[in-house]
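Enquirer: Here's the letter readout for the chains.
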Amino acid sequence: MATQTVSNLMADLKDGKFVFTGELEPEKTTTLEHALEAARKLKGYVVACNVTDNPQSFAYISSLAASYLIQQKVEMEVIYQITCRDRNRIALFSDLLGAGALGIKNVLALTGDHPTLGDTPQAKPVFDLDSVQLLYLIRKMVDEGKDLNDNPIESPPQFFVGAGANPNADPIEPELIKCAKKVQAGAQFFQTQVVFDLDIAKNFLKETSRYNVPVLIGIFPLRSYGVAEYFDKNVPGVKVPEELLEALKKAKKTPDKKERKQKYNEINLNYFANFIKELKKTTSAAGCHVMSVGYESIIPSLAEMVK
Amino acid sequence: MIITQQKPLEEILKMLEPFSKVFIIGCGTCSTVCQTGGEEQVEQMAETLKKEGKEVTGSVVVEAPCDARLLRRDTRKMKKAIEESEALLCMTCGAGVQDIVQHLKKISVPALNTKFLGQIERIGEFYERCRACGECILYETGGICPIVRCPKGMMNGPCGGMFEGKCEVGGYQRDCAWVLIYNRLKELGMLDLYKSYKPPRDNSQLNIQPREIVLVKTRR
Chain C
0 MATQTVSNLM ADLKDGKFVF TGELEPEKTT TLEHALEAAR KLKGYVVACN VTDNPQSFAY
60 ISSLAASYLI QQKVEMEVIY QITCRDRNRI ALFSDLLGAG ALGIKNVLAL TGDHPTLGDT
120 PQAKPVFDLD SVQLLYLIRK MVDEGKDLND NPIESPPQFF VGAGANPNAD PIEPELIKCA
180 KKVQAGAQFF QTQVVFDLDI AKNFLKETSR YNVPVLIGIF PLRSYGVAEY FDKNVPGVKV
240 PEELLEALKK AKKTPDKKER KQKYNEINLN YFANFIKELK KTTSAAGCHV MSVGYESIIP
300 SLAEMVK
Chain Z
0 MIITQQKPLE EILKMLEPFS KVFIIGCGTC STVCQTGGEE QVEQMAETLK KEGKEVTGSV
60 VVEAPCDARL LRRDTRKMKK AIEESEALLC MTCGAGVQDI VQHLKKISVP ALNTKFLGQI
120 ERIGEFYERC RACGECILYE TGGICPIVRC PKGMMNGPCG GMFEGKCEVG GYQRDCAWVL
180 IYNRLKELGM LDLYKSYKPP RDNSQLNIQP REIVLVKTRR
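Protein chains in written order, with numbering that gives the first Met the number 0: chain C, 0 to 306; chain Z, 0 to 219.
These aren't lab readings, by the way, just hints derived from the structure by calculation.
Warning: the hint list may mix true and false statements.
Unchecked claim - Here are the simulated DSSO-like cross-link-like pairs (lysine-lysine), alpha carbons at most 30 Å apart as the crow flies: (1) C:276 to C:42; (2) Z:165 to C:205; (3) Z:194 to C:145; (4) Z:197 to C:205; (5) Z:194 to C:201; (6) C:232 to Z:165; (7) C:123 to Z:197; (8) Z:185 to C:205; (9) C:139 to Z:197; (10) C:123 to Z:6; (11) Z:165 to C:238.
To be verified - From the derived model, a few chain Z residues whose C-beta atoms are all more than 10 Å from chain C: (12) 66; (13) 130; (14) 188; (15) 210.
Said to hold, decoys possible - Here are the simulated distance ranges between beta carbons: (16) C:101 to Z:18: 56 to 62 Å; (17) Z:189 to C:142: 29 to 35 Å; (18) Z:104 to C:101: 54 to 60 Å.
Keep in mind the model is a prediction, meaning the values are calculated, not measured.
We put the CB at the ideal spot given by N, CA and C, even for glycine.
Sequences and hints are given; from them, build the entire structure.
Expert: Take a look at the structure:
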């Protein structure tokens with residue numbers, strides 16, 4: 000990372016701090032009530048928050064508009080997620096210039112989920128570029144100040160550019176090569192898909208350490224047994240460890256709501272604090288990307304425990 | 000081969016509702032192989048239409064209805080029966096229907112849905128294998144096309160929707176094109192092709208639609 004520091008996220012990673020990023024998922028809204036509230040809860044505990052771009056192809060508010068408003072109203076630095084699903088290269092370029100103009104500093108370049116998965120499966124998928132090509136486009140805008148056809152940009156944007164990665168991929172080799180391509184295209188950091196299994200995280204970090212690009216391992220605190228069960232059954236390739244699932248199942252039987260919530264918290268704190276401590280101690284992980292949508296309350300205690 | 004499938008009968012009858020006299024045109028090439036517009040299916044369709052109270056003025060299976068020369072040749076002796084009809088029922092692909100409309104100048108009703116450009120594994124088992132995108136990249140991808148076999152048309156490897164070599168689109172039934180490509184190139188000792196960055200595709204020529212190839216200009 001020889002280039003100029005453009006964001007707090009970039010600065011912390013450059014300093015070698017173990018960073019936490021959070022995730023905000025604005026939905027069908029114009030007021031962003033829930034996302035703003037979540038951002039306020041996360042403020043001070045994460046260096047920046049991802050703002051999702053129609054995740055799983057559910058049609059939500061524009062991630063660019065949401066990113067801007069979250070940054071403005073909460074003063075929370077955002078990682079603007081931009082996907083190739085709904086925009087061709089003209090629209091991607093245009094939105095990225097918009098992001099630059101609106102003071103967005105971090106961008107996460109993703110291919111995006113397929114429309115068949117979401118609430119508007121009738122939509123025409125775009126995918127004019129893929130994630131690697133999108134990274135290439137963004138770095139060309141930032142580094143050369145040009146579009147894909149070498150037309151100059153008047154005052155090019157400055158972004159810290161990240162990519163996704165999936166340590167759970169099976170087979171893993173094609174994914175690892177793809178990560179190498181993302182680095183070649185200019186990815187400056189990785190945020191991974193949710194990982195529960197430490198060995199999977201360790202193996203992935205070992206394989207990607209040669210790229211010298213900071214990797215933030217994705218974790219997903221489970222706010223209830225229901226969430227855990229859903230995750231385990233419906234997110235292929237991600238298995239919730241049996242002992243964690245069992246503990247949550249047992250906690251579910253607690254009749255008192257407050258007590259039950261406390262038990263859930265304890266189980267999560269215990270599991271993820273150990274997970275993070277182990278990452279810090281034994282791996283090159285640059286931090287954790289905490290996807291705790293709807294369960295932001297866990298983050299302060301978790302951050303405290305792993306200090 | 001162009002893979003076709005017969006439309007539901009109700010849909011065909013709905014389109015034919017205003018017409019009592021129908022002439023049926025089949026296809027001796029793709030639709031014959033797909034068993035959607037060969038001799039047998041044309042005969043069956045004639046029987047069905049008769050049962051539904053239609054008069055079938057005649058039928059013909061044209062060798063290839065999408066070829067204007069063959070269409071003219073094979074319909075020549077049926078001229079009277081065609082003229083007597085009020086509508087032509089086309090058991091052909093969309094290219095066939097449009098050739099029929101252009102040259103026979105009658106109301107034409109498609110009996111089939113044109114599904115895709117495919118490979119026939121056995122009768123009744125068809126797989127889409129080419130998008131006719133216009134610029135073939137099969138050499139670079141080990142002979143497996145990511146444009147048609149990856150729902151996102153990824154160019155640089157699998158996406159996060161791959162699990163155990165299967166694609167999440169369609170519920171993990173289909174192989175992930177990029178895992179197939181990776182395995183194939185590895186087998187061939189050509190992984191460098193996988194590792195190299197594939198730039199965005201140049202659609203500038205493909206965008207000019209409909210695509211036409213006219214090698215020799217003829218007088219029209």
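Enquirer: If a hint holds in the structure, say so; if it does not, say that too.
Expert: Now the hints, each set against the structure:
1. Straight-line distance between C-alpha atoms of residue 276 (chain C) and residue 42 (chain C) comes to about 22 Å, which keeps the hinted pair within the 30 Å bound.
2. Straight-line distance between C-alpha atoms of residue 165 (chain Z) and residue 205 (chain C) comes to about 25 Å, which keeps the hinted pair within the 30 Å bound.
3. Pair hint residue 194 (chain Z) plus residue 145 (chain C) holds up; C-alpha atoms about 25 Å apart against a cutoff of 30 Å.
4. For the hint linking residue 197 (chain Z) to residue 205 (chain C), the alpha-carbon distance of about 26 Å falls within 30 Å, and the restraint holds.
5. Pair hint residue 194 (chain Z) plus residue 201 (chain C) holds up; C-alpha atoms about 24 Å apart against a cutoff of 30 Å.
6. A threshold of 30 Å between alpha carbons decides the hint, and for residue 232 (chain C) with residue 165 (chain Z) the separation of about 17 Å falls inside it, so the pair holds.
7. Distance check on the hinted pair: residue 123 (chain C) and residue 197 (chain Z) sit about 23 Å apart at the alpha-carbon level, within 30 Å; holds.
8. With a C-alpha separation of about 22 Å, the suggested pair residue 185 (chain Z) and residue 205 (chain C) falls inside the 30 Å cut-off, and the hint holds.
9. A C-alpha spacing of about 15 Å is found between residue 139 (chain C) and residue 197 (chain Z), which places the hinted pair at or below 30 Å, so the restraint holds.
10. Between the alpha carbons of residue 123 (chain C) and residue 6 (chain Z) the distance comes to roughly 23 Å, so the proposed pair stays at or under 30 Å and holds.
11. Proposed proximity of residue 165 (chain Z) and residue 238 (chain C) is supported: the alpha carbons are some 17 Å apart, at most 30 Å.
12. Residue-level check passed: residue 66 (chain Z) sits 32 Å from the nearest beta carbon of chain C, beyond 10 Å.
13. Non-interface status of residue 130 (chain Z) relative to chain C is upheld: no Cβ of that chain comes within 10 Å, the nearest being about 13 Å off.
14. No Cβ of chain C approaches the Cβ of residue 188 (chain Z) within 10 Å, the least distance being about 15 Å, so the stated non-interface status holds.
15. Remark: the non-interface label on residue 210 (chain Z) is consistent with the geometry, its nearest Cβ contact in chain C lying 19 Å away (cut-off 10 Å).
16. The beta-carbon spacing between residue 101 (chain C) and residue 18 (chain Z), approximately 60 Å, falls within the hinted interval of 56 to 62 Å.
17. Roughly 31 Å separates the CB atoms of residue 189 (chain Z) and residue 142 (chain C), a value that falls within the hinted 29 to 35 Å.
18. Taken as a hint, the range 54 to 60 Å holds for the pair residue 104 (chain Z) and residue 101 (chain C), whose Cβ atoms sit roughly 58 Å apart.
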